[in-house]
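Chains A and B, in that order, are what the protein sequence lines are.
The working numbering puts the first sequence at residues -1 to 469.
The working numbering puts the second sequence at residues -1 to 469.
Please keep in mind that the hints were generated in silico from the structure rather than gathered at the bench.
A few of these clues could be false.
Which copy? The list can't say, so a pair holds if one copy fits it or any two copies do.
[Stated by the list, open to error] List time: in silico DSS-like cross-link candidates among lysine-lysine, alpha-carbon distance up to 30 Å:
1) 437 <-> 216
2) 243 <-> 320
3) 160 <-> 216
4) 216 <-> 445
5) 437 <-> 62
6) 402 <-> 437
7) 264 <-> 437
8) 124 <-> 243
9) 405 <-> 243
10) 320 <-> 432
11) 402 <-> 432
12) 243 <-> 160
Note that the coordinates shown come from a computational prediction; the quantities given were computed from them, not determined experimentally.
Number of protein chains: 2
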Amino acid sequence: MRYNRVTEEIVQRLVDIVGPGNVVTDPEKLEVYAGDEVPESEWKHLPEVVVKPENTGQVSEIIKLANRELVPVTPRGAGTGLAAGAVPMLGGIVLSLENMNRILEVDRENLFMVVEPGVTTGEVQKRAQEEGYFYAGDPCSADSSFIGGNVATNAGGNKAVKYGTTSRHIYGLELVLPTGEITTLGGKCVKDVTGYDLIHLMVGSEGTLGVVTKIYLKLLPRPLHNAVLLVPFAGMQAAIDIVPKIMTNGGIIPTSIEFMDKLCIKSAENYLNRSLPYGDAGAYIIIEVEAYTESQLEADYETIGNICLENGGLEVFVGDNKSSQEKIWKSRRYLAEALRVTSPVYCMEDIVVPVSNIPKVLAEIEKIARKYEIKIPCFGHAGDGNIHATLLKEDMDEATWHDKKEKVLEEMYSVTYAHGGKLSGEHGIGAKRKRAMAKFMDPVQLKMIAAIKKALDPNLILNPDKLVNVQ
Amino acid sequence: MRYNRVTEEIVQRLVDIVGPGNVVTDPEKLEVYAGDEVPESEWKHLPEVVVKPENTGQVSEIIKLANRELVPVTPRGAGTGLAAGAVPMLGGIVLSLENMNRILEVDRENLFMVVEPGVTTGEVQKRAQEEGYFYAGDPCSADSSFIGGNVATNAGGNKAVKYGTTSRHIYGLELVLPTGEITTLGGKCVKDVTGYDLIHLMVGSEGTLGVVTKIYLKLLPRPLHNAVLLVPFAGMQAAIDIVPKIMTNGGIIPTSIEFMDKLCIKSAENYLNRSLPYGDAGAYIIIEVEAYTESQLEADYETIGNICLENGGLEVFVGDNKSSQEKIWKSRRYLAEALRVTSPVYCMEDIVVPVSNIPKVLAEIEKIARKYEIKIPCFGHAGDGNIHATLLKEDMDEATWHDKKEKVLEEMYSVTYAHGGKLSGEHGIGAKRKRAMAKFMDPVQLKMIAAIKKALDPNLILNPDKLVNVQ
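I would like the entire structure built from these sequences, with the hints used as guidance.
Here it is in structure tokens:
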């Protein structure tokens, strides 16, 4: 065996490092740290101990100890992940960053915010707004997810079309390496080619290469005006075709371009208990635009509205105030919950394809769903080609569900790769998609990832058994 | 010795791979491949052979051969680098990508252009424009540099303030690894968290980790209107203070915000042989704004102009047509040449600091210049904190120049790091700054870079002896 168990002595040493109040061994309390938001029981595993450091020095001490004693360490943010990335599948230590939750600095001269990893993304957004700025990272889980988790997964979300994913906003990281060494990559320079781009190697590495303890986030001018458009289409092809048209004919990069399929529209209607406009439409597109001036905003949404109407949009509903916008967004925002009500056990996927291939891939998924007699509502980020195909268990028995799920995922991933796609656009691989990754990723790249992991974490201490197999 | 010489037999095998017309051994012809645009002779070195593959398969064969025979391979684009990154300091094979110069595809549905590495950046921009799109990467060397070199160095340039550096536009790379294996990272998905972000590890790695053979570039809507503003300021502090004001008070991210110091203004006047407006100013700021509509453009440049005038701008000259814009840009664009005329031997640096520290660092550089009695005109990208401090040899003798340069660089880099800065914002490390890197970079990061290099290139075949020392 590569790893050792957490002994009484190790627990005592952890207590010495962080104090008794920050070490959890009570089995009932450990339960909270056994899973993330993946609902299936196979992706839960109890840690042997949870430790909650309060500063970088403590993180370093913990990791040095674990590296010496050969005990696995699983870093954890808010536990809102969707790939079992923060689940301690091999037991060992869960290193929870919940106590490192301070906003350290707002730098008005250089437009940066420096934060610890345990601040929620919503707090970052709120603070930026209070100071007159804008933090553009915006995963759908912003209210609960930690910014450190956003960094670990390179979280996407609704605003990635215009502003990119989390990685675009990160210019510096203080981190603790698997050896326990502390270093700061980057900082407040907005350009930097001094050596390899280690920052963006860390972003999205799911806590397998280092524990981020301080984050330098770029702030932007705050867009003062926004509008939300809901556009029903008869079918998915016309709906998706609108994406490049808005960008090239309209010259506009909207903040969001979201889509929902027929099944999702119906689920939203059921959940919200009201009929939605054009509830029988083949697809909904939701578009958000932001601008610094009102005149620019109006020009933009009129241009977009016209392009939609000229290209198959059945009608354009404009939300130009908070309440009408909220009404439009509701159908999309509550979708995950709406599906959960329909089927408490489900499997939410995160495939990503070139935008123009969304309709083809959705049509293939529909075929797979019919073949296996399973419901797979699809929604997601049309502007990014990111499809949250969600397999519903409903009233299947456990064995049938497990069997069907495996077969459906296999076929769905094959279709995705055949259309130039990838396993995950924003949720990550974690433990959940590790087997699929071994199957679908080019072996050359699997080898590259394993080689980098091994080079930076020779004892494979940090979040082991995630992403790829390393010997 | 780690490496072997290129034997007759190896040359013959190279001929077998690419054909006799694509192998250069004639010493006179090799001369062309001995250096880049760093003018000093210490950064020149003759290759033993130059090979010019025409496709990815040939690149792979060449690298497999070199890896087997333990011969170093230095990949080379157009040779317009400014850090001796493509100079074969250890001899061996120069792998020139000049024959892989095709634009392979313009994808209008997904807004991508797929190109080979030997296409000039200017051709990419031109083709994008012809098709109604915009490629936002724009190093000052666009007319001559290859897009592959832009990728290898993560080239910056004048438009990085708004659009980011080259790395932001790259979504896929076909590459040949140091083992000769071929793989394609990413592609046309605009989001992807399937494994580590290997794409951005490759971008800016200066040809030390792989040879890029195909590049997926993102296209954007073409901004239809632009304006250029020239604003003289009495001193540098007021000039630089304008940067965050434009972004936060104005809510505008301009395309470019460039600066020139007093010495540069004088050099430009001498070179252009005409007096410039406010030629005695302490600093020039040049701002370019782009917009999709004319009304938005006018609103933007008026806002910026007013902010400048309210904050120490002596006057605002607006270039709103091609000829007036060209006139403004001329003073900045020809600066490198103007300095070269003043002093054919010079040392152009590329330090980068947080924007707000530009004035402090420039003041320190002025002190260093006085101390060593050397002229160091400074210009660069104010919006990015990127300072091209340029040491002029003028009529110093060789020994004095060498001695002074070493001391000045040492002090300049110290000042840079003391102000949160880094060695290079866009030119890279190459051979030229390798010693400085060993001295100024956190040893933990040097170790990380070496470990990754060794993991992916165990025989240290690819562009060896650049960036960091690896054992």
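Hints, verified against the model:
Proximity of residue 437 to residue 216 under the C-alpha cut-off of 30 Å is restricted to the inter-copy arrangement: shortest distance 28 Å between copies versus 37 Å within a copy. In this homomeric assembly, residue 243 and residue 320 come within 30 Å of each other (Cα to Cα) both inside a single copy, at 27 Å, and across copies, at 29 Å. In this assembly of identical chains, the alpha carbons of residue 160 and residue 216 lie at most 30 Å apart whether taken from the same copy (15 Å) or from different copies (13 Å). Only between protomers do residue 216 and residue 445 lie at most 30 Å apart by alpha-carbon distance; the minimum there is 27 Å, versus 33 Å within a single protomer.
In the homo-oligomer, the alpha carbons of residue 437 and residue 62 lie at most 30 Å apart only across protomers (26 Å), although the nearest pairing inside one protomer, at 34 Å, exceeds that limit. For the identical chains of this complex, residue 402 and residue 437 are intra-copy neighbours only, at 18 Å inside a copy versus 58 Å across copies, given an alpha-carbon limit of 30 Å. Taking the shortest alpha-carbon separations for residue 264 and residue 437, neither the intra-copy value of 34 Å nor the inter-copy value of 63 Å comes in at or below 30 Å. In the homo-oligomer, the alpha carbons of residue 124 and residue 243 lie at most 30 Å apart only across protomers (21 Å), although the nearest pairing inside one protomer, at 33 Å, exceeds that limit.
Within a single copy, residue 405 and residue 243 get their C-alpha atoms no closer than 36 Å, and across copies no closer than 57 Å, so neither meets the 30 Å cut-off. Proximity of residue 320 and residue 432 under a CA criterion of 30 Å is satisfied in neither setting, with 41 Å inside one chain copy and 55 Å between copies. For the homomeric pair residue 402 and residue 432, the shortest alpha-carbon distance inside one copy (19 Å) is at most 30 Å, but the shortest distance between copies (56 Å) is not. Within a single copy, residue 243 and residue 160 get their C-alpha atoms as close as 15 Å, and across copies as close as 23 Å, so both meet the 30 Å cut-off.
Hint compliance for this structure: hints 7, 9, 10 are broken, all remaining hints hold.
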